[in-house]
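Undergrad: What follows is the residue order along each chain.
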Amino acid sequence: MTTAEELRAERMKLMDDVINNREPERVPIVSSCSTWAYYYKGYKPIDGIRSNEVVKEVSRAIYTDFYWDIIDIGPVVAFHPDIFAVAGGGTFTFTEEGLHQTNPGAIMVMEPEEYPELIKDPYEFLLTKILPRRYKLFAPEKSFQEKYDGIRKILEIQERMAEKTRIHDEIAEGEFGLFNTVGGLLIAPVDFILDYLRDFRGIMQDIKRRPEMVREAGMALVRYSLDSVAGVEPSPGKSVLIPMHIPTFLNPRDFEKVYWPSFKVLIDALVEKGLNVKCAFERKYEHLFDYLQELPKNKIVAVVEDDDIRLFKKKLGHIMAIQGGISTQALYYSSKQECLDIVKGLIDDLAPGGGFAFSTNKSMISATDGNPENLRAVNEFVREYAVYK
Amino acid sequence: MGNNNREVLEKIAKEVFGAKTPEEIEEAIKRLIKIFV
Chain F
12 MTTAEELRAE RMKLMDDVIN NREPERVPIV SSCSTWAYYY KGYKPIDGIR
62 SNEVVKEVSR AIYTDFYWDI IDIGPVVAFH PDIFAVAGGG TFTFTEEGLH
112 QTNPGAIMVM EPEEYPELIK DPYEFLLTKI LPRRYKLFAP EKSFQEKYDG
162 IRKILEIQER MAEKTRIHDE IAEGEFGLFN TVGGLLIAPV DFILDYLRDF
212 RGIMQDIKRR PEMVREAGMA LVRYSLDSVA GVEPSPGKSV LIPMHIPTFL
262 NPRDFEKVYW PSFKVLIDAL VEKGLNVKCA FERKYEHLFD YLQELPKNKI
312 VAVVEDDDIR LFKKKLGHIM AIQGGISTQA LYYSSKQECL DIVKGLIDDL
362 APGGGFAFST NKSMISATDG NPENLRAVNE FVREYAVYK
Chain V
121 MGNNNREVLE KIAKEVFGAK TPEEIEEAIK RLIKIFV
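Chains as they are written, first to last, in my numbering: chain F, 12 to 400; chain V, 121 to 157.
Treat the hints with caution; some may be incorrect.
Residues of chain F placed beyond 12 Å of chain V at every Cβ, according to the derived structure [what the hints assert, rightly or not]:
| # | residue |
| --- | --- |
| 1 | Lys55 |
| 2 | Asn63 |
| 3 | Ile141 |
| 4 | Gly194 |
| 5 | Gly285 |
| 6 | His298 |
| 7 | Asp319 |
| 8 | Gly328 |
| 9 | Ala341 |
| 10 | Ile358 |
| 11 | Pro363 |
| 12 | Gly364 |
| 13 | Glu395 |
Okay, derived cross-link-like pairs now, DSSO-like style, lysine-lysine, Cα gap no bigger than 30 Å in a straight line [unchecked claim]:
| # | chain 1 | residue 1 | chain 2 | residue 2 |
| --- | --- | --- | --- | --- |
| 14 | F | Lys347 | V | Lys134 |
| 15 | F | Lys67 | V | Lys134 |
| 16 | V | Lys134 | F | Lys310 |
I should point out that these hints are in silico values taken from the structure, not numbers from a laboratory.
From the three backbone atoms N, C-alpha and C, an ideal C-beta is built for every residue, glycine too.
The shape of chain V in the complex, shown without the other chains (with noise of 0.2 Å):
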C-alpha cells in the first residue's frame, strides 16, 4: 500500500527490460512513465 509506484515500475524494469545498473533503471522507469503519460 501506500506510494509506492517507484518500486513497482523498478521492479519491472530489472524484469522487463533487463535494466542492471542504477542508469538503465532510471531511464527504464522514465520508458514506463512515459507510457502511462
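So here's chain F without its partners, still in its complex pose (with noise of 0.2 Å):
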C-alpha cells in the first residue's frame, strides 16, 4: 500500500516535471478548491474562520470526495474581519458569510504628489504615511499602549489563522498524500500601487500623467516585493505566486513603459534565488504575449483565465508550463457530459508533450463557482485519460 509520504513524492515529481517542461506519468490535477468547500459541505467561509472543527471537517470531504494530486488553494480563509476591527479599517470588508470584498473608497489612501516619497524610502513612506491615513490604530491620536496591545492583539489573530493553515496542510499532505505546489506568494510591484495605495482610477490616471514616476515607484518597490518571500528556498515542483492585476487594463506600450521594468527585474531575482514562479494571469494577456517570451524558459507556471488557453500554450508553451481547463461558469451552468466533452478536448490539444497541469481557471470560491456532480466527474476522467505512459 502506497504510504501518504509515497504518494506526496509521486505528485512533487509530476509537478516539477510540468514546470520543467517534461513529459509526466500523467497530467496533474490541481484543487483550487478554496472558499467553495464550505458551500459544499453546507456550512459559510464564516463558519471556518469561527471553527477549526470545520476547517477539519471541510478539508477532509474534499480530498475524500475529489480526486487531486497538487493543491494551489486550499479552503483556508486568507483574512480574519477581527484583525480590521482591531485596526479599525483597511482595505477589506466582509460579508456576512466570511468572503472579503474590496472596501470601496479605502485604497486610495496616497496623493499623486508623493510618489518620489514612495520611491526614496517604501517602509518609511508606509509606516509613516501609509499606516495611519489606513487604521485608526496607528492615528497620532492613539497613545503608545492603545497601539501596542491592538497589535499584539491582531497577532494572536495572525497565530490562530496560521494554526488553520497548518490544520489543513498536515490533513492534505499527512492524511492524502497531495503536494502543496504553492511556497509562498507575492505582489509585483506596480500591482501594489494599485491594490494598496492609488486603486484603479489613480493609477491609470497616473500612468497617462506621470508614467516615469509609476515606473520609478515599480523599481522600488522590487525590494519590498521580494522581502515576501525571503524565507523561501527552492524546493522542486514548488512556485512562489504572482496573481497579476492590472497588465489586462494596459495597452502594450504603456505596459512596456510602465509595469514591464520592474515586473522583469523581479522575475529575474526570483529566478536567480533558484525559485520557480506560478503567474495568475487573471483576465486576459494575448495583447501581451511578446513580452512573456522574454521570460525565462522553464521556470514560470502559466494559470490561464480567460485567454485562449490552446493558444497561450502554441504561443507561449516553448518558455513556460500552462495550468488551466475548465472555466468555473463551465463546471457549475454545463451538463455533466459537456464538462467531460470540454475536458477531453482540453486534454488531447494540451497534454501532448508535457508542461500542462489541470485545474480550474480560476480560485473556487463561491457556491456557483462549480458543480460537485460536475467536478467529481472532470478530475475522475482526468486522472484516468490523460496518462501518458
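Please assemble the complex out of the two chains, which come individually in their own frames, going by the hints.
TA: Right, dumping it as C-alpha cells:
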C-alpha cells in the first residue's frame, strides 16, 4: 500500500516535470478549491473562521470526495474580520458569510504628488504616511499603549489563522499525500500600487500623466516585493505565486513603459534565487504575449484565466508550463457530459509534450464556482484519461 | 501620542520577534509593516 508520504513524493515529481516542460507520468490535477469547499459541505466561510473543527471536516471532505494531486489554494480563509475591526480600517470589508471584498474608497490613501516619497524609501513612507491614513490604530491621537495592545491582539489573531493553515496542510499532505505547490506569495510592484495605494482610477491617471513616476516607484518596490518571500527556499515542484492584476487593462505601450521594467527585474531576481514562479494571468494577456516570450525558460507556470488556453500554449508553451482548463462557469452551468467533452478536448490538445497541469481557470470561491457532480466527473476523467505511459 | 508608530513596532520587534541587533530590529519592523499593508 502506498503511503501518504510516497504519494506526495510521486505528485511532487508530477509537478516538477510540468514546470520543467517534461512529460510527467500523467497530467496532474491541481486544486484551486478555496472557500467553495464550505458551501459544498453546507457551511459558510465564516464557519471556518470560527471553528478549526469545521476546517478539518471541510478539508477532509473535499480531498475524499474529489480526486486531486496538487494543491494551489486550500479551503482556508485568508483574512479574519477581527483584524480589521481591531485595526480600525483596511482595504477589505466582509460579507455576512465571511468572504472579503474590496472596501470602496479605502484603497486610495496616497496622493499622486507623493510618488517621490514612496520612491525614496517605501517602508518609511508606508509606516509614516499610509498606515495612519488606513487604520485608526496607527493614527497620531492613539496612545503608545493602545497601539501596542492592538498590534499584539492582531498578531494573536494572525497566529490563530496560521494554525488553520497548518491544520489544513497536515490533513492534505499527511493524510491524503497531496503536494502543496505554492511555496509563497507576493504582489508585483505596480500591482501593489494599484491594490494598496492608488486604486484603479488613480493609477490609470498616473500612468497617463506621470508614467515615469509609476515606473520608478515600481523599481523602488522590487525589494519590498522580494521581501515577501525572503524565507522561501527553492524546492522541486514548488513555485511562488504572483497574482497579476493590472496588465490586462494596459495597452502594450503602457505595459512596456510602467509595468514590465520592475516585473522583469522581479522575475529575474526570483529565478536567480532558484525559485519557480507561478504567474496567475488574471483575465486576458494575448496583447502582451510578445513580452512574456522574454521570461526565463522552464521557470514559470502560467495560470491561464480567460485567454484561449490553446493559443497560450501554442505561443508560450515552449517558454513556460501552462495550468488551467475548465472555467468555473462551465463547471457550474454546463451539464456533466458537456464538461467531459470540454475536458477531453483540452487534454487532447494541451497534454501532448507535457508542460500542462489541469485545474479550473480560477479559484473556486463561491457556491456557484462549480457543480460538485461535474467537478467529481472531470477530475476522475482526467485521472484516467490523461496518462502518458 | 503623536506619530510614535516606529517606537511601538520596535518594542514589538524586540518582544515578539526577539530582535536584538539594529539590523534584526529593522528587519522585524519591515515584517510588521508588511502585515498591515
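Undergrad: Could you let me know if the closest chain V CB is still more than 12 Å away from the CB of F:Asn63?
TA: Holds: least Cβ distance 22 Å, greater than 12 Å.
Undergrad: Holds or violated: F:Lys347 and V:Lys134, Cα atoms, limit 30 Å.
TA: 57 Å, violated
Undergrad: Beyond 12 Å from every Cβ of chain V: is that where the Cβ of F:Gly328 lies?
TA: Consistent with the label, F:Gly328 stays out of reach of chain V, its closest Cβ about 35 Å off (over 12 Å).
Undergrad: Verify that the Cβ of F:Ile358 lies farther than 12 Å from every Cβ atom of chain V, and report whether the claim holds or is violated.
TA: 40 Å, holds
Undergrad: So F:Gly285 supposedly isn't at the interface. Is its beta-carbon more than 12 Å from every beta-carbon in chain V?
TA: Given that every Cβ of chain V is farther than 12 Å from that of F:Gly285, nearest at about 22 Å, it holds.
Undergrad: Against chain V, does F:Ile141 hold up as non-interface, every C-beta pair farther apart than 12 Å?
TA: 6 Å, violated
Undergrad: Can we confirm that no CB of chain V comes within 12 Å of the CB of F:Gly194?
TA: Consistent with the label, F:Gly194 stays out of reach of chain V, its closest Cβ about 17 Å off (over 12 Å).
Undergrad: Against the 30 Å threshold, does the CA-CA distance of F:Lys67 and V:Lys134 hold or violate the hint?
TA: 34 Å, violated
Undergrad: Could you check that no beta carbon of chain V comes within 12 Å of the beta carbon of F:Lys55?
TA: 26 Å, holds
Undergrad: Does the claim that F:Glu395 lies outside the interface with chain V hold up, using a Cβ gap greater than 12 Å?
TA: 44 Å, holds
Undergrad: Checking a non-interface call: every C-beta of chain V should be farther than 12 Å from the C-beta of F:Pro363. Is that right?
TA: 42 Å, holds
Undergrad: Per the stated criterion, does the least C-beta distance between F:Gly364 and chain V lie above 12 Å, as a non-interface residue requires?
TA: Its Cβ never comes within 12 Å of chain V, the nearest being 40 Å, so this holds.
This entry does not satisfy hints 3, 14, 15 and 16, going by the numbered hints stated previously.
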